[in-house]
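Participant: One letter stands for each residue in the lines below.
2 protein chains.
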Amino acid sequence: MNSRHANQNKTEKGRAKQVDAAVQAIMAARRIVLAGHVNPDGDTLGCILALAHALTGMGKEVTVLSSDGVPDIYDWLPGAGLIRNGSPRRDFDLAVVCDAGNLDRVGASIRPIMESAPCLIDIDHHVADGVFGSIRILDSSAAATAEIVWKLILALQKATGSVLATRDVAECLMTGLITDTGSFRFLNVTPRTFALAARLERLGAVPAPIVDLVFENRTYGGVKLLGRALDSLQMTADGKVAWAHVTVQDFTDVSAVDAETEGIVNHVRAIKGVQVGILFREVPDKQVRVSLRARNGADVNRIANVFGGGGHVLAAGCSVEPPLKDVERAVVAETVRQLNESR
Amino acid sequence: MNSRHANQNKTEKGRAKQVDAAVQAIMAARRIVLAGHVNPDGDTLGCILALAHALTGMGKEVTVLSSDGVPDIYDWLPGAGLIRNGSPRRDFDLAVVCDAGNLDRVGASIRPIMESAPCLIDIDHHVADGVFGSIRILDSSAAATAEIVWKLILALQKATGSVLATRDVAECLMTGLITDTGSFRFLNVTPRTFALAARLERLGAVPAPIVDLVFENRTYGGVKLLGRALDSLQMTADGKVAWAHVTVQDFTDVSAVDAETEGIVNHVRAIKGVQVGILFREVPDKQVRVSLRARNGADVNRIANVFGGGGHVLAAGCSVEPPLKDVERAVVAETVRQLNESR
Numbered sequence: 006m007n008s009r010h011a012n013q014n015k016t017e018k019g020r021a022k023q024v025d026a027a028v029q030a031i032m033a034a035r036r037i038v039l040a041g042h043v044n045p046d047g048d049t050l051g052c053i054l055a056l057a058h059a060l061t062g063m064g065k066e067v068t069v070l071s072s073d074g075v076p077d078i079y080d081w082l083p084g085a086g087l088i089r090n091g092s093p094r095r096d097f098d099l100a101v102v103c104d105a106g107n108l109d110r111v112g113a114s115i116r117p118i119m120e121s122a123p124c125l126i127d128i129d130h131h132v133a134d135g136v137f138g139s140i141r142i143l144d145s146s147a148a149a150t151a152e153i154v155w156k157l158i159l160a161l162q163k164a165t166g167s168v169l170a171t172r173d174v175a176e177c178l179m180t181g182l183i184t185d186t187g188s189f190r191f192l193n194v195t196p197r198t199f200a201l202a203a204r205l206e207r208l209g210a211v212p213a214p215i216v217d218l219v220f221e222n223r224t225y226g227g228v229k230l231l232g233r234a235l236d237s238l239q240m241t242a243d244g245k246v247a248w249a250h251v252t253v254q255d256f257t258d259v260s261a262v263d264a265e266t267e268g269i270v271n272h273v274r275a276i277k278g279v280q281v282g283i284l285f286r287e288v289p290d291k292q293v294r295v296s297l298r299a300r301n302g303a304d305v306n307r308i309a310n311v312f313g314g315g316g317h318v319l320a321a322g323c324s325v326e327p328p329l330k331d332v333e334r335a336v337v338a339e340t341v342r343q344l345n346e347s348r
Numbered sequence: 006m007n008s009r010h011a012n013q014n015k016t017e018k019g020r021a022k023q024v025d026a027a028v029q030a031i032m033a034a035r036r037i038v039l040a041g042h043v044n045p046d047g048d049t050l051g052c053i054l055a056l057a058h059a060l061t062g063m064g065k066e067v068t069v070l071s072s073d074g075v076p077d078i079y080d081w082l083p084g085a086g087l088i089r090n091g092s093p094r095r096d097f098d099l100a101v102v103c104d105a106g107n108l109d110r111v112g113a114s115i116r117p118i119m120e121s122a123p124c125l126i127d128i129d130h131h132v133a134d135g136v137f138g139s140i141r142i143l144d145s146s147a148a149a150t151a152e153i154v155w156k157l158i159l160a161l162q163k164a165t166g167s168v169l170a171t172r173d174v175a176e177c178l179m180t181g182l183i184t185d186t187g188s189f190r191f192l193n194v195t196p197r198t199f200a201l202a203a204r205l206e207r208l209g210a211v212p213a214p215i216v217d218l219v220f221e222n223r224t225y226g227g228v229k230l231l232g233r234a235l236d237s238l239q240m241t242a243d244g245k246v247a248w249a250h251v252t253v254q255d256f257t258d259v260s261a262v263d264a265e266t267e268g269i270v271n272h273v274r275a276i277k278g279v280q281v282g283i284l285f286r287e288v289p290d291k292q293v294r295v296s297l298r299a300r301n302g303a304d305v306n307r308i309a310n311v312f313g314g315g316g317h318v319l320a321a322g323c324s325v326e327p328p329l330k331d332v333e334r335a336v337v338a339e340t341v342r343q344l345n346e347s348r
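From first to last, the protein sequence lines stand for chains A and B.
First residue of the first sequence: 6, per the working numbering; consecutive thereafter.
First residue of the second sequence: 6, per the working numbering; consecutive thereafter.
Worth flagging that the hints you see were computed from the coordinates, not collected in a lab.
Predicted model only: the values in this text are computed from it and were never measured.
Think of the CB as a built atom: it goes at the ideal place given N, C-alpha and C, for glycine as much as any other residue.
Incorrect hints may appear among the rest.
[To be verified] Counterexamples of contact, computed for chain A against chain B with all Cβ distances above 10 Å:
no., residue
1, Val28
2, Arg35
3, Gly64
4, Arg94
5, Asn107
6, Arg172
7, Glu206
8, Gly232
9, Gln254
10, Val262
11, Pro289
12, Asn306
13, Asn310
14, Ala338
[Unchecked claim] Here chain B is said to cover these stretches of chain A; the calculated rule only asks that three of the stretch's residues, wherever they fall, bring their Cβ under 8 Å from a Cβ of chain B:
no., stretch
15, 217-223
16, 233-243
17, 267-281
Kindly produce the complete structure, drawing on both the sequences and the hints.
Facilitator: Below you can see the structure in the form of structure tokens.
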């Protein structure tokens with residue numbers, strides 16, 4: 006990270022300056038392109054769609070991109086139909102990336118589109134290596150990027166004098182809060198998270214139906230896949246690390262796809278005494294995908310870093326060359342090593 | 006319900022009067038007895054303990070009663086050690102019951118203790134038949150009784166000029182919010198619920214460890230059992246009925262006990278389009294236990310009734326003579342029959 010920017014973003018005041026710069030850039034732009042990260046979740050989609058609603062409300066011409074489109078469980082998000090997985094255009098005045106961690110994670114075909122714009126804004130609560138853009142609104146204390154986008158939308162509302170914080174915006178951002186906090190269950194939840202949830206619900210974003218759509222609307226194959234994964238559960242002798250896997254065979258047997266593995270790792274972490282829960286996914290012709298979740302002081306970002314991945318302290322991921330068995334052995338061993346080291 | 010009281014409680018203003026009356030009664034009392042309901046949950050325990058902390062802070066002599074004591078998952082609540090399951094004393098100046106629904110639900114041995122006090126306060130978000138007491142602070146719009154107790158504690162703080170809303174109080178009330186809303190997932194969550202959560206977290210009540218203690222403390226065997234059960238998942242052709250089972254062999258293989266099946270049926274019901282989810286448990290030398298969960302208008306109480314069981318519309322159960330396969334066939338067939346009939 007560029008140290009000047011890093012310092013600017015370490016304080017509330019520094020962040021406020023970046024928000025001001027973003028407001029100026031948005032006011033000056035006509036054609037704006039927004040993008041989230043590959044394998045999108047409710048926070049990245051909620052953020053780009055909330056911004057799309059606000060910017061459209063300001064009369065901007067908005068293009069919304071997601072390399073992997075919109076998974077079924079998020080297809081009800083207000084504005085989901087606007088999302089495209091690419092664009093031939095290279096005439097954008099401004100590009101905004103939400104929740105990506107680094108610019109590669111917008112996807113190989115979308116990265117050049119974002120880089121083609123004269124100004125690029127990075128909005129994120131992931132603040133490890135790989136921040137980017139000429140304007141960076143970063144806040145690792147935010148439970149979800151939705152919290153940061155909310156501040157930007159409020160600032161835009163103030164600058165324009167128009168009502169931009171609509172019910173659609175609220176539903177998109179509530180979805181970001183709910184998915185990134187496991188419905189207010191994770192350690193990243195702050196009083197600010199709850200206060201924002203209160204404001205969003207006052208705007209009409211009722212959490213229960215969103216929770217139902219995101220967490221209680223699994224497919225038949227997805228639930229069977231959860232069963233397969235948890236049946237493969239293993240744990241270290243001291244009970245601090247637990248892991249499970251989903252194999253290519255499992256995906257085939259139950260007719261499920263990779264997106265349906267979301268949330269499985271939380272079950273692995275929910276075992277009494279477990280500090281790190283890991284899910285390994287064997288995807289055909291690709292690297293093994295590893296999702297790590299921590300609690301009780303463990304830092305899974307550091308573990309993911311060792312394998313070229315990243316994320317944050319409580320949730321991180323990486324992709325490692327197969328075979329699955331070797332990946333499991335290596336990642337579990339590194340996890341045990343780091344937990345022992347940090348005692 | 007006494008209609009005068011009912012009317013008084015229908016408005017914010019009416020409730021404020023009842024809170025004032027409760028403050029006066031508490032200020033005037035020296036010996037106060039508090040009680041929750043039988044088979045206690047996090048809301049009833051959180052409320053009586055939060056009040057116990059506040060009243061002790063006011064110099065009152067406090068007795069805290071729970072007919073069924075304190076379940077293991079709540080034994081870490083600040084002040085849990087104060088709770089007794091009875092008292093020989095009958096010299097209390099004031100009795101306060103939280104979250105009970107009706108006075109019988111404090112338990113047969115505790116009811117006379119509460120009735121022996123010259124003044125009885127009923128604090129509850131259950132406002133059906135059976136409200137009681139000379140002072141009634143009732144609010145069916147509160148997600149948890151904790152929301153109502155918070156208002157009373159704030160009023161006591163104002164009246165006494167002492168700091169009563171401590172971290173202990175906040176942790177007790179946060180536990181009430183979390184348990185009664187399924188960690189902010191249910192339809193009862195209002196902006197006020199979130200706003201209170203923000204205030205409680207500012208006082209030091211971090212939700213994640215509480216969620217961990219209440220919801221995320223499954224055993225290794227319990228999670229593996231969930232895996233086994235979901236791997237057995239089946240569904241009718243129209244996708245409206247889904248079911249899974251746990252066999253004697255499963256219990257043995259993963260070293261789990263019947264209590265660890267709790268919650269499995271909710272996963273079965275969480276499948277998109279499913280109206281009735283069923284879990285069958287094969288318990289050694291006993292009848293097959295059947296748990297039914299409904300949504301989208303199905304009534305599982307009627308289904309359970311056919312097999313000599315019962316419950317309510319959304320959750321019911323029955324026990325049926327083995328073998329498992331026959332029980333599955335019969336209960337699924339009856340479920341399909343009733344769903345078709347009610348169309």
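Participant: According to the definition I'm using, a residue is off the interface if its beta carbon is farther than 10 Å from all beta carbons of the partner; does alanine 338 of chain A meet that for chain B?
Facilitator: holds (20 Å)
Participant: Confirm or reject: asparagine 107 of chain A is not an interface residue toward chain B, with every Cβ-Cβ distance exceeding 10 Å.
Facilitator: holds (27 Å)
Participant: Over 10 Å to the closest beta carbon of chain B is the bar; see if valine 262 of chain A clears it.
Facilitator: Valine 262 of chain A clear of chain B: closest Cβ-Cβ about 14 Å, beyond 10 Å.
Participant: At 10 Å, judged by beta carbons, does glycine 64 of chain A keep clear of chain B as stated?
Facilitator: Holds, because the least Cβ-Cβ distance between glycine 64 of chain A and chain B comes to about 30 Å, which exceeds 10 Å.
Participant: For glutamine 254 of chain A, is the shortest CB-to-CB distance to chain B above 10 Å, so the non-interface label stands?
Facilitator: For glutamine 254 of chain A, whose nearest Cβ neighbour in chain B is about 13 Å away, the distance exceeds 10 Å, so it holds.
Participant: Tell me if chain B covers the stretch 267-281 of chain A under the three-residue, 8 Å CB rule, please?
Facilitator: Our answer is that it holds, as 6 residues pass the Cβ test (under 8 Å) against chain B, meeting three.
Participant: Confirm or reject the statement that arginine 35 of chain A sits farther than 10 Å, beta carbon to beta carbon, from all of chain B.
Facilitator: holds (36 Å)
Participant: For the stretch 217-223 of chain A, count the residues whose Cβ lies under 8 Å from any Cβ of chain B; is that count three or more?
Facilitator: As far as the stretch 217-223 of chain A goes, the hint holds, because 4 residues have Cβ atoms under 8 Å from chain B.
Participant: Can we confirm that no CB of chain B comes within 10 Å of the CB of glycine 232 of chain A?
Facilitator: Violated, because the least Cβ-Cβ distance between glycine 232 of chain A and chain B comes to about 3 Å, which does not exceed 10 Å.
Participant: For arginine 172 of chain A, is the shortest beta carbon distance to chain B beyond 10 Å?
Facilitator: holds (13 Å)
Participant: Hey, is glutamate 206 of chain A genuinely clear of chain B, shortest beta carbon separation above 10 Å?
Facilitator: Since the minimum Cβ distance to chain B is about 4 Å, glutamate 206 of chain A lies within 10 Å and the statement is violated.
Participant: Find the nearest Cβ of chain B to the Cβ of asparagine 310 of chain A and say whether that gap is larger than 10 Å.
Facilitator: Per Cβ check, asparagine 310 of chain A is outside 10 Å of chain B; nearest 23 Å; holds.
The structure is inconsistent with the numbered hints 7, 8, although it conforms to all the rest.
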